Amino acid sequence: MKGSAIKYERDNIDTDVILPGPYLKIHDYNELAKHAMEGIDKDFHKKVKPGDFIVAGRNFGCGSSREHAPIALSYSGIKAVVAISFARIFYRNAVDGAFLLPIEVEEDAYKDISEGDQLDIETSKNEIRNLTKNKTYKMKPFPELIGKIISAGGLFNYKP
Amino acid sequence: MTKTLIEKIWDAHTVVDEGNGRSLLYVDRHMVHEVTSPQAFDGLRANKRKVRRTDLTFATMDHNVPTSNRSLPIVDQTSAMQVKALERNCKEFGIELFDINSPNQGIVHVIGPELGITLPGSTIVCGDSHTSTHGAFGALAFGIGTSDVEHVLATQCIWMEKPKTFEIRVEGKRRNSHAITAKDIILSIIKRIGTAGGTGTAFEYRGEAVSELSMEQRMTICNMSIEGGARAGLVAPDEKTFDYLRGRRYIPENYDSLVEDWKENLKTDGNARFDKSFTLHVDDIVPQVSWGTNPAMTIDVTGRIPFPDEYAKGNVEEEKAAAKALQYMDLKPGTLVTEIELNRVFIGSCTNSRLEDLTEAAKVVKGKKISQKIRAMVVPGSQRVKKQAEDLGLDKIFKDAGFEWRESGCSMCLGMNPDILSAGERCASTSNRNFEGRQGAGGRTHLVSPVMAAAAAIKGHFVDVRELDLN
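Chains as they are written, first to last, in the working numbering: chain A, 7 to 166; chain B, 9 to 479.
A hint or two may mislead.
Cβ pair distances, simulated, as ranges [stated by the list, open to error]:
no., chain 1, residue 1, chain 2, residue 2, range
1, A, Pro147, B, Leu32, 15 to 25 Å
2, B, Arg254, A, Pro147, 48 to 58 Å
3, A, Thr142, B, Lys328, 19 to 29 Å
4, B, Leu80, A, Gln124, 53 to 63 Å
Please keep in mind that the hints were generated in silico from the structure rather than gathered at the bench. As the structure is a prediction and not an experimental result, all values here were calculated from the model. Every residue gets a Cβ at the ideal spot worked out from N, C-alpha and C, and that includes glycine.
Using the sequences provided together with the hints, build the complete structure.
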């Protein structure tokens, strides 16, 4: 899975900035996508390309349980968020709805990746290759159940 | 084997234990609201599924409903559509709905306990992160997203990884329970453990200061567990819990025999071990005011706005975050908290909109006028709270002082209805999140207790509520 990094150098990126409250009334997912990250980055929808990754710090997606947050990112074209850690409900929503992959990395990897770096994420090897910098980082393996739900294509396709 | 209360409730609800701590849990109560449910109902329809337990599922509309005159139609068309969709879905699937004109309408986390839907020892889910509120009754209550809402509607079960247990002890006895509130206790906890301090855990709040809290105060504390990163937060039930629920509309017929069982079983065993523990003494807590853009960025009302390096204590990322927060909040380090001038005051939200919150705030307001530069509103948590407050004459106290007295709903906590801040406005708010833009794009939120908000409305700036003359 290849794409370029859109980097936010901050922790605690909350779901209110990923998708501000007033847009929770929108049902059309492509419309939601136009407002993704609007709380901290008004130009996000202009710069994001299909297949891109977001790279951020700790506790990504904290706050509200709105599934609209991973949906808006997903319909913007984001395939994965690479962060040091995630808030639980965002992580769960991303996986359950098969909207995007929440990928946890060590702080060194987060610091090393720059805006625009070309990344190749290979979940089968638990590896992220930085093609721009010619480096490889480890990603934390998905917990077993999460891995199964991801492989199945979301919660409703998962059969225990 | 000795167990914590969290583990006891978990084990009692495990349908399938997959090993490695993963379980399929049975859900006793499912609360539904208009914003996180439409796609879930669409999913049920698309797959020709029914709601498995309509008798355990309750719905209301709270997030986007206007708090102005309810006899008028909803002006915002997208809100009106969401409200209509919930009405249609509840009718089609046979779910009990407390609609906009119901005397039981209100914020989902206010009406659950109020109607006796929330019960000790139960598992509760809702498509809202503040579901942890119900933990005040000794329930294990989780916020979930829309996919899980659909899953629970269809199966009455949810896949969960077992949380680690985190004991939060608050020792001592409050000397001034009017000024040092449950809000100050929970903000003090989050300030110390951080917004991700509880990641992967469920909190059990314990200690003398917790036992001493009323049910409504316990709800304030459990409500903000999610702001400390926890999956859930609870307090073991006691006589206060059982008395609060007795006689409420939806409690089971065999309530008294259930109470006997709960007394016996719903407590952490004497020598049970928690995975983590944190202790705070209530004597170290003074009224709190948040200064930044997450709830851990909070200081004592007696303090000054911190310098980023002073706040970050050597953590480079935290220092950057603090500098960004100060810029967004337009605050200068070194400023006394009590010098911060305000434009707006909001008393409401699932954190602080219950009768006791309003009663305590009214004590501060009574016989006074709000500052001329302040626009202030009180939004009761439910229609029942509103009626009880009006029966006590609280509406008159607030209105005489210059507050707006509004209809129940989430209102200015999350800026989904017309109650929002304009860019640059600064608000003392009794809600739970001070995230950027949370109360309206460019709005600046300071989290405080209801009495602190009321005092700020009178003075036009923050004031230490302990120094206010109530006579």
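A quick look at each hint next to the structure:
The hinted window of 15 to 25 Å between Pro147(A) and Leu32(B) holds, with their beta carbons roughly 22 Å apart. Distance hint check: the CB atoms of Arg254(B) and Pro147(A) are about 49 Å apart, consistent with the given range 48 to 58 Å. Hint check: Thr142(A) to Lys328(B), Cβ distance near 27 Å, so the stated range 19 to 29 Å holds. Between Leu80(B) and Gln124(A) the beta carbons are some 55 Å apart, a value that agrees with the proposed interval 53 to 63 Å.
The structure agrees with every numbered hint stated previously.
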